[in-house]
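Colleague: Could you put the whole structure together from the sequences, leaning on the hints where they help?
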Amino acid sequence: MMLTRKTTRGASGAAFNGGALVQRLQHGLAQALPTMDRRGFLRRSGLGVGVGLAAGQLSLVRKAEAAADAKTDGARKIEVRRTICSHCSVGCAVDAVVDNGVWVRQEPVFDSPINLGAHCAKGASLREHGHGEYRLRYPMKLVNGKYQRISWDQALTEIADKMKALRAASGPDSVYFIGSSKHSNEQAYLLRKFVSFWGTNNCDHQARICHSTTVAGVANTWGYGAMTNSYNDMQNSKVALYIGSNAAEAHPVSMLHMLHAKEHGCKMIVVDPRFTRTAAKADEFVRIRSGSDIPFLFGILHHIFKNGWEDQAYIKDRVWGMDKVREEVLAKWTPDKVEEACGVKEEQVLRVATMLHEHRPGTVVWCMGQTQHTIGNAIVRASCLLQLALGNIGKSGGGTNIFRGHDNVQGATDVGPNPDSLPGYYGLAEGSWKHFAAAWGVDYEWIKAQYAEGQMTKPGITVSRWIDGVLEKNELIDQGPNLRGVFYWGHAPNSQMRGLEMKRAMDKLDLLVVVDPYPSATAAMAAMPGDAADLNPDRAVYLLPAATQFETSGSCTASNRSLQWREKVIDPLWESRSDHMIMYQLAQKLGFGAELVKNVKLQQVKGQDEPVIEDILREINRCVWTIGYTGQSPERLKAHMRNMHAFDVKTLKCKGKVVDAETGYDLTGDYFGLPWPCYGTPELKHPGSPNLYDTSQHVMEGGGNFRANFGVEKDGVSLLAEDGSHSKGADITTGYPELDHVLLKKLGWWDELTDAEKAKAEGKNWKTDSSGGMMRVFMQNHGCHPFGNAKARAVVWNFPDAIPQHREPIFGIRPDLVAKYPTHDDQKNRWRLPILYKSLQQKNVEEKLHEKFPLIMTSGRLVEYEGGGEETRSNPWLAELQQEMFVEINPATAAARGIRNGGRAWVTSPTGARLNVQALVTERVAPDTVFLPFHFSGRWQGKDLLEHYPEGAHPIVRGEAVNTATGYGYDIVTMMQETKTQICNVERA
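Each residue of the sequence shown is one higher than the one before, counting from -17 in this note's numbering.
Think of the hints as simulated: they come from the structure by calculation, not from any bench. Glycine is no exception: its CB is placed at the ideal position from the N, C-alpha and C atoms. Be aware that a few hints might be false.
Ranges between beta-carbon positions, derived for each pair [to be verified]:
no., residue 1, residue 2, range
1, Arg131, Pro511, 21 to 31 Å
2, Gly413, Gly462, 23 to 33 Å
3, Lys327, Asp460, 45 to 55 Å
4, Gly413, Pro519, 44 to 54 Å
5, Lys834, Gly413, 47 to 57 Å
Modeller: Here it is, written out as structure tokens:
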């Protein structure tokens, strides 16, 4: 890889098809000697290759054969296409070099203010997507236990006919749609629209099982459930608390910004059950028991309140209910109780509290270590309370920097297939549906007619529990039918709990459809033999080859809420088709194709009609006002991508006056990627919001305040911000409710609307005014925030635990603490299904499971792989780096079991599952804890599933899935799965 800083393209960032870079590439490729692959180099060098990979198994990508006979006169077509890494949520930019339609090399974008020319191992291997030998190449159907190639027309016709038959027999709620955090914003949005036109809210995606507790907990605290600041802004932090985040492996390039901060004196604290690679960089490492975050966080707050270190003026002006939190923390979470619950001594808790007090502003970072618990929503709210007490929210260098997992899990959450909301977190009330019906250009009554009676406004089943939608007794389900059909549209089944029961559920289905560039573990799980009593003889299983995000274009949203535009690198390989093309073609077969693309033009791709992706984004721009997805037009985003060099690496703000040479667009004042909320129409030119709730900036310069989303008073006490607590330059200098037509009229500002705007705004609020006029007047003319100006809620009265409460997990090894901190009561109906809590926890205690399974089993990421891992384990460059599924086990624990480092071990769990893995004996984990990565699949309780994959489309590295062994447990608010605190035993194999 040649590393080149591309500063020669000038202020315009003009087209990449010419210039010095391309000339060098043309010369270099034309003059290149025959290239030796890595394996040849290793053989010639006398160096061995990794154990377990036969030399012939990893056939590496050859130089571009399509251009082998090209002349050296400069006539060959070499292009550089700018795209975004499709792995984690950092949003690293990549320049892909395409030679005569073949992706031949890549470079990290040095001008990117996000990745600064850096890549991790996954990002550096993206080019494999353009050649991937283990991709799903053709539509396939499971016949007599083997996958057979079929045509696209046969596949779509049979799937549509099966769906129609299920609808006729059981209604639209019998089919479940699992979307993808790998979809672009446009594809995620189109899938929610597709599912709505089918007539169900039974849809979901990866965010449910990674950050749904974050979204719910944080949004209910201060307004928006997203990362408040940015990776870049962490360079301004004086202290950073990483709790439940192993960023060095899960978000490697983000560590660039933290390491820069450390160079300027930032203190780094890492709190985790494991000593991770992130912990290796910490000034202070704190080992806690998995799931005991609340005792630890409230232990810190105890010292803050006791010593008067809280920001009292900030709390008075901007926080409601902190007095109740203070009272409970001081009374309940004394140092002895903290140590008993989380294992951390008072001395260290005080040391951490002192560091946070003395080094402000400070930021808190969390990931799935906090979210994946039955009390996940409460844990993240405890982190929010810590930051509110310290006055760190709405400040540069502060905030809650919540690192999302996938490249577009943020965008898919924002505008995609959520079961309880329409795009933009609009609810499912009639008014929301009418808003979108108007935006989609279809009749509200027509949409309503597609739904079963009473189901249109009811949240659907969550992806974490679709298996219960199949297996649960019908009379206990809050919808007519059990689930009979499931779409896995870019989702890994091994990332979900209860793998043994998932296999049973898959076998009972009438229809299972996998839409993915790779067959995923779903294909092998569906094909492998199970219990004959579970197998539905009429089941139909189809695999549809989707294109990768490098074979189409579109926008994706990084964790910091910045949107970036991917250029199409290459045409779809083999017979793969883009996800939005597949949605459109299936909608045609189902009878609503015209309605799906009513506002969208079609273009030809390899002879097929495909919706124009820019038109889908423009439709999003016209209707998703709630979270400010309205200002990021395709034109603005593309101009940002061409001019990455113009943005400051700390603030993300455009440096000086920069005009895009291609379009004439003036980037002055913009923040890179127009981080949402980017309010109003694109013409309003809102710059985006780099740091949420920042009152030191004017609202038209990205400033803001806390959202008035919970009314104006509670128990006779105002919920609005105090006098003088407002964003810079606001004409209203006290708290105020959210904007609607009544408020605008009362203020005397209604006549500042044009006549056309008045016609559309009459009777509406800022979220449903399709003209954007009310927002323009409120923000541009008067400096006020459309969602109002209120206090953050320290007490969330609409949640089961208004103040976060520590509760022991369903499966645990501390029955003594279960008696003190029991879980919730069982629930008859949460998200259409009953759910067990206390009865199951008590049963586990009575059966003394902690004696049979005395180890806490937790899971997490590796730097080499991502998500369910099917994609990255099919990449030869990454497969060579990490070849075995393993269990980390403490030396003392291993010695007691006769387990040696590198030896084989069986991990057993209360579900009856047995995982055969390699032992990694290490002090990274405590004696009572073991760790397993969650990226593996392809082996099932000791058996290799290779024969059950489609021929030639299988991951190179296969291993046991940790979630084959995980059991029951879900967050009471969101149905987040409790994967971070399970129990197991480990035996020598």
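Colleague: Confirm or reject each hint.
Modeller: Going through the hints against the structure:
Checking the proposed 21 to 31 Å range against Arg131 and Pro511 shows it holds: the Cβ atoms sit about 22 Å from each other. The beta-carbon spacing between Gly413 and Gly462, approximately 26 Å, falls within the hinted interval of 23 to 33 Å. Between Lys327 and Asp460 the beta carbons are some 47 Å apart, a value that agrees with the proposed interval 45 to 55 Å. Between Gly413 and Pro519 the CB atoms are about 46 Å apart, so this pair conforms to the stated range of 44 to 54 Å.
One distance hint, 47 to 57 Å for the beta-carbon pair Lys834 and Gly413, holds here, with the actual separation near 53 Å.
When each numbered hint is compared with the structure, no violation occurs for any of them.
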